Each structure stands twice: as C-alpha cells, then as structure tokens.
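Number of protein chains: 2
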Amino acid sequence: MERTLTAQLPQRVGERVRLLGWVHHIRQLGSISFLLLRDRTGLCQAVTAEPERFKLNQIQRESIVELLGRVKPEPQARQGVELELEELKILITPVAPLPFEVNRSRKKLNLKLDMLLDHRAFSLRNPEFGAVFRVQAEIVNTFREFLRQAGFLEVHTSKIIAAGTEGGTALFPIQYFEQKAYLAQSPQFYKQMLVGAGYERVFEVGFVYRAEDHATSRHINEYLSLDYEMGFIQSFRDVTRLENQLLKVMVEKLKNNCAAELEILGARLPEVGEIPELHFRDARAILKKDYGRNTEGMIDLDPEAERQLCDYAGKVYNSEFIFITHYPRKTRPFYTMWDPDDPEYTFGFDLLFRGLEVTTGSQRIHDYNMLVENIRRFGLQPENYDFYLEIFKYAVPPHGGLAIGAERLTQQFLGLANVREASLFPRDRFRLTP
Amino acid sequence: MERTLTAQLPQRVGERVRLLGWVHHIRQLGSISFLLLRDRTGLCQAVTAEPERFKLNQIQRESIVELLGRVKPEPQARQGVELELEELKILITPVAPLPFEVNRSRKKLNLKLDMLLDHRAFSLRNPEFGAVFRVQAEIVNTFREFLRQAGFLEVHTSKIIAAGTEGGTALFPIQYFEQKAYLAQSPQFYKQMLVGAGYERVFEVGFVYRAEDHATSRHINEYLSLDYEMGFIQSFRDVTRLENQLLKVMVEKLKNNCAAELEILGARLPEVGEIPELHFRDARAILKKDYGRNTEGMIDLDPEAERQLCDYAGKVYNSEFIFITHYPRKTRPFYTMWDPDDPEYTFGFDLLFRGLEVTTGSQRIHDYNMLVENIRRFGLQPENYDFYLEIFKYAVPPHGGLAIGAERLTQQFLGLANVREASLFPRDRFRLTP
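Read top to bottom, the protein sequences are chains A and B.
For the first sequence, this note's numbering assigns the number 9 to the initial residue and increments by one for each residue that follows.
For the second sequence, this note's numbering assigns the number 9 to the initial residue and increments by one for each residue that follows.
If you are wondering where the hints come from, they were derived from the structure by calculation, not from laboratory data.
Small disclaimer: the values here were computed from a predicted structure and weren't measured.
Don't take every hint at face value.
Because identical chains cannot be distinguished in the list, a pair is counted as satisfied if it fits within a single copy or across any two copies.
Claimed, not checked - Pairs of lysine-lysine, DSS-like flavour, derived with a Cα cap of 30 angstroms: (1) Lys97 <-> Lys401; (2) Lys296 <-> Lys188; (3) Lys401 <-> Lys261; (4) Lys116 <-> Lys263.
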C-alpha cells in the first residue's frame, strides 16, 4: 500500500491508509490509548482500545513505525481526524537514550542554546524548532521568486577570493594550493561586475564569511546573504522601494504558506506599509532629543540606537520597519556613492526591523575615475582591485543594491532571541560543530 | 519617459519610446546608418538617414546611451521591429580600449580560455557567453521548483567543517580563529542528518570545494552542487527515478524559457525518455567486449569509459543518458549501502550524460551500528564523526540521495568544451581571479 502523509488524512476519511513516521508520544486516557505519529507534514493520533495487542507500553519514543488503520473523523483531534489503529510495525528503534524530551514545547523544554545546537539534528524533530527552517525556506524562496519576476538573473559567484572587499580586515584565510586566499565577505564586487557585464539586474543567495571576534546574539561568522544589485537606477530609492515591495510580498507569502509554522511558533507578522525613511542626520537629532543620547561624533548606529529608532518609527509612523539613509561617508566602504549636494553623507542606507539592522545597501560609484580616486582616498591600492575595476573602464550604468541577512530576517519575523536559532548549523567564535 | 526594454518593442509599434543600453555595433549601409543597442533583454537596431546629426561616427562601441525614437515594423530586423532614431544621448563612455571585439561571434572571436576568463565580466557582454548563465539560472531554478513541489525542504548547511566527509583528503584548510577547519567537500553529512531530523526530504544548492590537483577540462575546485536526499525510500531507484523525472521537466523548461539562448548557442537539447541503467559488472563486460578495454581490476570508470558507455547507450538504448549502478564497494564512501545479495557491490550509482559523469548518488546506510562498523572498516575513527553519527542513534529511515554538478550539467546541455565556461568566476589549480 502507498504511504499516506499525515497532512493528507482529512482527504482520506473512511479509507484504510498506511502511515510512516516517528513515535512522538504515547499516552493512555481511561480505556483508550493514543500513539502520536510525526512525519514531515505534521502529527496524527492513532487510537486503540487494545494497547496490549500492539504492546504500546514497550514502544520507545522516536522509534520509526508503520501504522495501518482506518481514518475517522474526530473533532477533538488535529485536522479533525484520527487513525483507528489496525496494525503496527516497529521499523527502527533508537539505540541510545534521547538527549532530551523532544516532544515538549520549547518553553517547557527550556533548553540552553548550546544544548540545542550540540544536538541540532535531534532538536529539529521538535515541531517548534523544526518550523523555523520551513519559514526560512519560504523567505528565501520568496526573495528569489520576487526578483526573478522583476527581471533579475540569479548568479553564483566565487567565495574564494584573493583580496577582501573592504581592505583585508575580518577575513578567514584559506590555504589555496601554494597561494594565500580568503573566504568572501560578500558578493559585492561580483554583483557590481555582473551589472556591468550587461545583466543589469542580478541576485545571489549564498553564504558569506566574517571573521569578527564578537560573540553576541546578533552575530554569526557564516551567514546566508540575500543580495541584489540593479543597474540604470535614478537614485538609491529605486533600491529601497524594491525592498519595500519585496517585504510586502514576503509577509503575504508567509501568511499564506506558513500559517501552521507561525502558529506553532506564536509569531506575529508585521504590517508592511510604505516604510518610512530618516536621514542619518535627523536620526541623530532624534536620538539626542527624544532618547537623551550623546550623539557627539556619532557616525554609526550602535544596537541601542537601532532599538531606539525602531521605537521611534513605531510611535511616529506606526511602522516596525525604518530605513535610515545617508550614512556618513566615514562609515561606508569605498564603493559607496556620496551625496553630491551634501558630501559628508552617502547614498548608503540600512533597514531596521524590530530593533535590528537586517539590510545594508547603497547606490554605488559607477564612474571609473571616481572609483579609483576613492580607493586611494581610503588608503588602499587600486592595483589590488584590478579584477574589479576593469569592467568600470568599459561603461557601467548607475547602480545600487543591498544585502539582507537571511538568519536575522528569520529571527525578527519569528521573534527568536538569538540569531543562531535561525541558522541550521551556526558557526561562531567557538562553534565549529555539528 | 519610462524606459522601454528592447524585448518589449514588438508591443510598442507606432509609439515613441526611450531605450537605454550599450552600443553593440554601428554600421552604415548606403545612405542609412544603424546603431545596434544591447540591453539585458536583447538587441535592437536604431536607424537614421542623418548619421552626422547624431555624430554616429564619433560614438565609441560599448558606450552607454539613451535613445528616443518611434518603433516601426521592419521584417528584416530582430523581432520584426526597429527604432527610428530621434534623439541620442551618450551617458557613459569607455575610458580604455576594449580588450576584444565583444560584438563578434564566439567562433570568429576564437578567444583563448584564459583571455575569456581574465576579462570575464566584459566577455559576458557577448550575447553567446552571456547566454550560458541565463540557461544555468533556469537549470538551477528548475531543480529547486521541481523538488519543492515534491515536498522537499530547501536547506543551507555550513561550508566550514571540522572534519572531511571522506577522511581528510583533498580538503582546503582554513584558519578559523585559533582552530583548524576545512571547506566542505559536500553537504553529504548534513543532508543525511536533516533527513533524520524529521524533514525527510531536503535539497540544497550551494558551493562545495575539492582541493584536487588535476587541471582538466572537467574539473574546477569550487563548484555548485545540486543536492537532494530523501527518506523512506524502498531502494536507490526511488532516487534515480526522481532524477529522471527532474531531467524531463528540465528539458521542457529549457525548451520553453531559454529558446533564444539555446538558439544563440546552437545548443541541441537531449530527449529524456526512461533513462536506461547498467550494473557496474555489466558495464565492465561491455567495455571489454565492445570497446576492447582491459577491465582487469577495474573498480571505477575513467573518462574514456564514461564516453564509451554513453556511446553504447546511444547505440543500444537511443539515450544520451545512462545510469551506471552498483559501483564496487571499494570505490564508494563509507556511508554507501551495499547490496546484501551481492556484497562486493553497492547501491551507489552515477549518471553519465553525453560522455560525462554529471551525478553521483546512492542509498545510504541508515543503521547506527552498521555505520559505525563500516567507518572502522574504512580505517577511520567513529569518534571523529560523532556530530554526524548522533542522529543515527535515534532512528533514521532508509534514505538515499544524489548530487548534480551544476556547471557540468550546464556544460553538457550546451556542448561547451570546458567546464570553466559554465562557471561565472571559476577557481582552479592556478586561477584565483577575477
């Protein structure tokens, strides 16, 4: 008999079916016994009045079993159906005690993060932890689908590079045969080159690497970067407007395709209207005036400032998102276009969401001579960037782009306390396994 | 005025439009002058009887220009339309001589591969070279869409690992803070762990790394691996059957969505019927009998054997694809399930396509004790694989999977001579840039 998935049961009422999955839970309620089966699509209860016949009290949790039985309506049960157990076969049995009670709620489990991550694959059997990556897959897929429809080409650019994007700090060195190489910090150079290659609009989903020392709840050293870059823009607002539309579509997609996961996780989706924007100068003034911050010499936002500006956006604009634009020139990389009318500031921006930076982007410099000059101004050697600079000699259109941290975006959508919870196998200062 | 893309022109006949793009070519034909404009969607000719008015003879090729004019039907032109030039504005001009004539055909250009790759971004402006990655994007997208529809979850697993999949050979070392780490050779362990985590069916699109010395036309050291892994299988044939269906869908998608690119490249798509399969033992017999090979002690296929077996598949099965199954146990990694009825051979297979291996896969060992024992048999230490082995203690279903090399598949679909042509920024023994 073909396997039926638990999610298909409501369409099979009255039929005899065959289920496969893990034993999530077994319990007795008066004269009736329940076996809760878990497969990739959810949970289903199998019931019997003859627990002895199936030796239910001898079955270990997390065993893999095959169940045969008839599907019957049961308003009290998940999906309104349950299985009347007729046959049960144990296929595979655990050979060691379980590290923790994977069938309990996150809250009751109250696991230390390290415990969770040390046993990552096992922990994902918990429906709550498992749901995080179903939501993430939807986020990533929506990113791609939206951009494909907007005429962007998906690209895959090398993560092994001879020189860093921003001058050699925070890079992981690799021994590449006889040469020294590094793990890429971002696909920045490549996506700009591919705009100039005539593709005009490109996006990439790929890991990037930052050898940063800090061990905080918002940093991992390998993260999934959702990048896009677009040519023939009028201003950086073409880039931010597109992200605003993307986020609208993303929330709709999550609402429609991840309702069960969001419910399991108790997550509340944000409303995405027209996302407000604040010039960095104004953001600084607000931090000083409304939040009593000392903004003397402030050229970047610390985590506290990000939270405060999101608080402000909530109060004044009723928005959980806010673009901070025109970051000072001193804090932005050499390829960032500055504002010709106000050259202390750039056309660089961040998107803050529920108190956390989830996107960084800008309009870029597209003029060859201006770019070479700015590399020098940053104290770097244009010769080291020949492979990047070359295409700018042959006419590259005005362009801009951004990068979204997939784990941070997942974290903020789902209200997770630590970004590591949104990475399947996170890498940090101290963690290299599993 | 809004920008119109060249591909939209057939819908705009009679209208006045604004085009943006690169100057692909300029030529005079009697009293009429033509400017061929290239944008991300294709080419369009603008015509004028007044070349002096627009100073056409002073415009450098590859300049970025803005054209205004009226769209009129012209049966001789691309898409049956052309632009009657009314205004022309040069926006950006190359500041250096072009490295080669990018508007000529690949064949006429006759570039050395190194020249092509040294100027990779520029070379992609050539419609033929540029088309390769539009086809690749469609291949990759079809892989994902097909698997999503089959209930697979997209995952992203770490590429920084503490130990290799197959025992430490051919790994690129990374300095990971104070620790030694390596670039992942495949997501093998992780995708198996995620099947066992309860996701049952997972896929991943991501780079993997092989520090292999050989510099051949079929090897690159960083390649895009299209991986899937599926639980609750009956046999390895569940895995190969799914790939057979995937390839059918892929050819259909390419036919429908990449017709222009395939035409530009002169590529012929294969017919995908039911892909034949040959037991390794039989393949060996055929190589000996039909191709005069010395198969004494042959436990793997060399490139010559792959070509010969594809030749055989063409003649006998009229197929450009062939699965070679049941590879000998000695050549397959420790996690490969062997055939219990014929334990010299495994449930491991390769897919050959037009003379080249494009897929490797197998049914895996899912029993914890069997796996530990086999690791020992391979002379490896189970303790080094604790992070991988743990989930097998808690019941993992029978499963199998495979990995497709995205560049090789692109290469074979398009008939490219070297796999590097199917990688945007290839990394090989000697190449680290661009």
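(message) Regarding Lys97 and Lys401, is the shortest C-alpha distance of 30 angstroms or less found within a copy, between copies, in both, or in neither?
(response) Only across copies: Lys97 and Lys401 sit 19 angstroms apart there, 69 angstroms inside one copy, limit 30 angstroms.
(request) With 30 angstroms as the alpha-carbon cut-off, assign the pair Lys401 and Lys261 to within, between, both or neither. (result) neither (42 angstroms within a copy, 37 angstroms between copies)
(message) Within, between, both or neither: how does the pair Lys116, Lys263 come out at a Cα-Cα threshold of 30 angstroms?
(response) Only inside one copy: Lys116 and Lys263 sit 27 angstroms apart there, 53 angstroms across copies, limit 30 angstroms.
(request) If the cutoff is 30 angstroms on CA atoms, where do Lys296 and Lys188 land: within, between, both or neither? Let me know, please. (result) neither (46 angstroms within a copy, 46 angstroms between copies)
Checked against the numbered hints given earlier, the structure breaks hints 2 and 3 and satisfies all the rest.
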